[in-house]
Amino acid sequence: MTYEEHLDEVTTLITELFDARDKAAIDMVMRAQADDFFSGHDDDPSICTQQRAEQDARLVYKKYRGGDR
Numbered sequence: 001m002t003y004e005e006h007l008d009e010v011t012t013l014i015t016e017l018f019d020a021r022d023k024a025a026i027d028m029v030m031r032a033q034a035d036d037f038f039s040g041h042d043d044d045p046s047i048c049t050q051q052r053a054e055q056d057a058r059l060v061y062k063k064y065r066g067g068d069r
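The sequence shown maps to residues 1 to 69 in my numbering.
There may be inaccurate statements among the hints.
Said to hold, decoys possible - With a Cα cut of at most 16 Å, we get these calculated EDC-like pairs of lysine to aspartate or glutamate:
id: 1; residue 1: Lys62; residue 2: Glu16
id: 2; residue 1: Lys63; residue 2: Asp36
id: 3; residue 1: Lys62; residue 2: Asp35
id: 4; residue 1: Lys23; residue 2: Glu9
id: 5; residue 1: Lys23; residue 2: Asp8
id: 6; residue 1: Lys63; residue 2: Asp35
id: 7; residue 1: Lys63; residue 2: Asp27
id: 8; residue 1: Lys62; residue 2: Asp27
Bear in mind the hints are in silico, worked out from the structure with no lab data behind them.
Could you build the full structure based on these sequences and the hints that come with them?
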């Protein structure tokens, strides 16, 4: 999947796995992106896999939920 598709999948997984609202999931992914959480993904699209999206969703939710930075 492309970098953009990966971000979309991480966002979707956050809503599905953690029952988060769409806006909250989007905000978490945007904060993670601003913190360069996904910078390696953009440089190496081969790591944009479903398995990695599932891992990233859990990590992003844990680190960025509730405005935690």
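Hints and how they fare:
1. With a C-alpha separation of about 14 Å, the suggested pair Lys62 and Glu16 falls inside the 16 Å cut-off, and the hint holds.
2. Note on Lys63 and Asp36: the hinted pairing holds, with a Cα-Cα distance of about 13 Å set against a maximum of 16 Å.
3. Restraint check for Lys62 and Asp35: the C-alpha separation of about 14 Å stays at or below 16 Å, so the hint holds.
4. Among the hinted pairs, Lys23 with Glu9 is consistent with the structure: their alpha-carbon atoms are about 14 Å apart, no more than 16 Å.
5. For the given pair, Lys23 sits about 12 Å from Asp8 by alpha-carbon distance, which is consistent with the 16 Å threshold.
6. Taking the CA atoms of Lys63 and Asp35, the gap is about 11 Å. The hint holds against a cut of 16 Å.
7. Restraint check for Lys63 and Asp27: satisfied, since their Cα atoms lie roughly 12 Å apart, inside the 16 Å limit.
8. For the hint pairing Lys62 with Asp27, the CA-to-CA distance comes to about 13 Å; that is within 16 Å, so the pair holds.
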